[in-house]
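The chain contents come next:
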Amino acid sequence: MKSTRRSFIQKTALFSGAFCLGFDWFQANGKEVSMVQTTMESGRFNAFLAIDPSGKIILYSPNPEIGQGIKTAFPVVVAEELDVDWKDVEVRQANLDTQNFERQLTGGSGALKHSWERLRKAGATARKMFVQAAAQTWNVDASTCKTSKGFVLGPKGQKASYGSLVAIASKLPVPTEVTYKNRKDYQIIGKRTKGVDNQSVVTGKPVFGLDIEKPGMVIAQIIRPPFGATLKSFDAADALKMPGIVDVVSFKNKVAIVGKSTWEVMKARGTVSCKYNSGDFDSDSTHQKWFDEGMKTDKATVQRKDGDFAAALARSAKVVEATYECPFISHSPMEPMNFFADVRADGTVILAGPTQVPQSAQKAVASLLKIDEKKVEVELSKMGGGFGRRLNNDFALDAAELSSIIKKPVKVMWTREDDMGGGIYRPAARYHFKAGLDASGNMIAFYLRGVGINAGNATRQDNFPVGAIENVLVESVNQVSAVTTGPWRAPITNFLGYAEQAFLDEVAEAGGKDPVQMRLDWLARAKSNPVGKITYEPDRFIEVIKQAAEKSNWKKKPGIYQGFSVYFSHLSYVAQVADAQMVDGKAKITHVTAVTDCGEVVNLSGAENQIKGAIIDGMGHALFAKLRFNDGVASPTNFNGYRLIKGNEIPTINAYFVDNGIEPTGLGEPALPPTGGSIANALYAATKKRLYKQPFEV
Amino acid sequence: MSIQLTVNKKKMSLDIDPNTPLLWALRDHMSLKGTKYGCGIAQCSACTVWVNGEATRSCVLPISAVANADITTIEGLSDHGDHPVQVAWDELDVPQCGYCQAGQIMTAASLLKKKPNPSKTEIVDGMSGNICRCGTYHRIQEAVKLASEIASKKKTKSTVKKSA
Ligand code: FES
Ligand code: FES
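Protein chains in written order, with the working numbering: chain A, 56 to 753; chain B, 49 to 212.
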């Protein structure tokens, strides 16, 4: 699929006579949706729906699937308001087209929230136009007409399909005022809709980036230097003699082995030796030293200050203090990084592959090659997971630079070792907490310092229980390292959530309080008389907590050790109760109850997948994952040493959703942050050992 | 020296380095991209295919070892994507990113060939070598069960037809 405007026009020609509506899926701010009726040559819009006279409904999804389900969820919303049968809808993948689309980004759980209003308006507007077209034809008042499954129904039993109304509807002015369906009338939203890519996945269609094959394409792998090191020289004499090897070149401290097939490149690569400068590169001990220094420094950045923490601590009856730590970890999506680039002699560039941010790939490559962005075309592929890794376009830049050097179309393929050893990790962080309790065990003072390595602000200073505690001080320190980092599913909160929720369990215990009731008491305070600004809605917090306690039979299960946590992130609320049992003398997480408030659940099937997947992800990484560093080199670099959770290690999970009909919010990430905490607390209940460091199992 | 093998019922002849892992022979030399690379060291099972009917990790298997063998990949599992496992996978909406699923499906279908009616433990154990980074494990396990039910219904139906 080409992404130039011309090819879009060619595509629309397939439905000549079709009703096409361009609409703004993605305008990042504001709720205004500009509707333009378009033939694709005109108007500025982000995606479109088309209905051809045969009644076929095509929805173009600007966002490729990465695993979080928006390629299905977005069209569901349009189809609902359009009032068509889901089985008549076909979803197609659009390529990057900056002229016609504004924001093609798959990252952060905010995608659906930003688009909700626009998607509904797109569907509802088209529906209204079909109603008007029918009313005009039947000479009746539009208000007497209804719609159902792609048909307009008239007052006297008239019935016309949208398809039959295309010619008239497409000539009507686009209405500005539309009414939305009542949620009790939803036919698709809230139900289970299967992923639109399922068929291609289960039959092994070549839809992923690594599957891309283009005429004249060569394959390359790149040897990257230790973090912070400079390449002095390399010896590729043997490699160049090996069959299938086309070239070995070096750029930016990297050495690229280029050949005709993957195996030939892999084999030749093993014979290339590289020499680097020596220096004081990162090791685990460096990181520990930075943590220690960061904890001591008086130059921390104050992120939040309510009341007077020091004074309140001084008058506390009891002080609880603890340090938590999380290591660097890799994203390890199942499909390793890869990217295709063809920098052509005529000055145009074709990029293709799995990126969560195609537009920034286009920009970055244009600036690297010093060419106009318009000359860079990006084709999007399905992504074998990302978890944040594909937000960084290092792989696209490598491919483009290499193609420009070797003057050939090239697919750069990362081995698992390259992927795990090659950087852009979740940053490592250490947290220090202090809580001052009064004589009745109430927390009157709360302190957090977060020291991160390339983490920016390693805290989230407005997190609950902030807002419910009189005296608060939150500080951060960032240590700068050559080890590259980036967002990892639920950035910062994926480890901060664990540390906070585990520490609050200590606070509850020290104060002689029930962890659930303690939070409910705080929320009552935050609701009636908040301390400073609060960013969460106490009522939504309270609801998930109450439901989780009830559905998990909180502390009413004999022989089961339970741990509680609740977290607000990405605008959604998730409360969890983890159940642990002693199995063969070892504490094991056997069940997790999760109650989520993410507003309206658009696709129940996808939503459940996200919640369960995020819990398994959070648990697996909390239990097993850690990268070590020695002289700038990360290890382990494959799944033999870096353990991912498997199907025989998972708890059963019950995922519930609060049914409140509020505008939908994030779903791909919010269930992850509370997971480390709920399981640490359950394991503590079972063993009486606090887990201060991830991974829990070493 | 060329190596002969049968892939998805088609006879193939390959003239490549005999050490080439079957995975890369399929992907690079036979244009069968359904079989996935995940680790290359027999740890994740993304590359699972059938060799003479046995689920096998293709990333560490040199093609010299599969001369004259009969290989089935995800593309050849069924003619119309309607193998009970494929149907069950869609029905229960198993895939998230989808990347591991070809390997999961080939493992599951092989498991069901040996044990048409597996217990919960047999399913969990049989599937425990396949990593899914997205964490679709619950649905994978449920889908294997469903696939076994679909397959046994199909069988009953065809027996009924035959006897009628
Ligand atoms: S790629 Fe073969 S087991 Fe992972
Ligand atoms: S569905 Fe993404 S790795 Fe399994």
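Just so you know, the hints here were simulated from the structure itself, not pulled from any lab data. Backbone N, C-alpha and C fix where the C-beta goes; we use that ideal spot for every residue, glycine too. Take these hints with a grain of salt, some might be off.
Derived coverage of chain B by chain A (criterion: at least 3 residues anywhere in the stretch with Cβ under 8 Å from a Cβ of chain A; other residues may be distant) [claimed, not checked]: (1) 95 to 103; (2) 184 to 197.
Each computed DSSO-like pair below joins lysine-lysine, with the alpha-carbon atoms no more than 27 Å apart [as the list claims (entries may be wrong)]: (3) B:K58 x A:K269; (4) A:K142 x B:K201; (5) A:K643 x B:K57; (6) B:K58 x A:K606; (7) B:K59 x A:K260; (8) B:K193 x A:K249; (9) A:K260 x B:K161; (10) B:K59 x A:K701; (11) B:K168 x A:K643; (12) B:K161 x A:K701; (13) A:K641 x B:K58; (14) B:K168 x A:K701; (15) A:K142 x B:K202; (16) A:K249 x B:K202; (17) B:K168 x A:K249; (18) B:K58 x A:K701; (19) A:K701 x B:K162; (20) A:K601 x B:K161; (21) B:K201 x A:K249; (22) B:K163 x A:K641; (23) A:K269 x B:K162.
Checked hints:
1. 95 to 103: violated (count 0)
2. 184 to 197: Check passed, 6 qualifying residues.
3. B:K58 x A:K269: Within the cut-off at roughly 24 Å; holds.
4. A:K142 x B:K201: Holds, at about 26 Å.
5. A:K643 x B:K57: Since the Cα atoms of K643 of chain A and K57 of chain B sit roughly 46 Å apart, the hinted pair is violated (cutoff 27 Å).
6. B:K58 x A:K606: violated, 55 Å
7. B:K59 x A:K260: holds, 21 Å
8. B:K193 x A:K249: holds, 19 Å
9. A:K260 x B:K161: holds, 24 Å
10. B:K59 x A:K701: violated, 36 Å
11. B:K168 x A:K643: OK: K168 of chain B and K643 of chain A at ~19 Å, within 27 Å.
12. B:K161 x A:K701: Holds: K161 of chain B and K701 of chain A sit about 23 Å apart, inside 27 Å.
13. A:K641 x B:K58: Distance of about 51 Å is beyond 27 Å: violated.
14. B:K168 x A:K701: Holds: K168 of chain B and K701 of chain A sit about 15 Å apart, inside 27 Å.
15. A:K142 x B:K202: Holds - the C-alpha atoms of K202 of chain B and K142 of chain A are around 25 Å apart, at most 27 Å.
16. A:K249 x B:K202: holds, 23 Å
17. B:K168 x A:K249: Between K168 of chain B and K249 of chain A the Cα gap is close to 24 Å, so the pair holds against 27 Å.
18. B:K58 x A:K701: violated, 35 Å
19. A:K701 x B:K162: Given pair K701 of chain A, K162 of chain B holds - Cα atoms ~22 Å apart, limit 27 Å.
20. A:K601 x B:K161: violated, 46 Å
21. B:K201 x A:K249: With a Cα-Cα distance of about 23 Å, the restraint between K201 of chain B and K249 of chain A holds, given a limit of 27 Å.
22. B:K163 x A:K641: Violated. K163 of chain B to K641 of chain A sits at ~31 Å, over the 27 Å cutoff.
23. A:K269 x B:K162: violated, 40 Å
Hint violations for this structure: numbers 1, 5, 6, 10, 13, 18, 20, 22, 23, all remaining hints satisfied.
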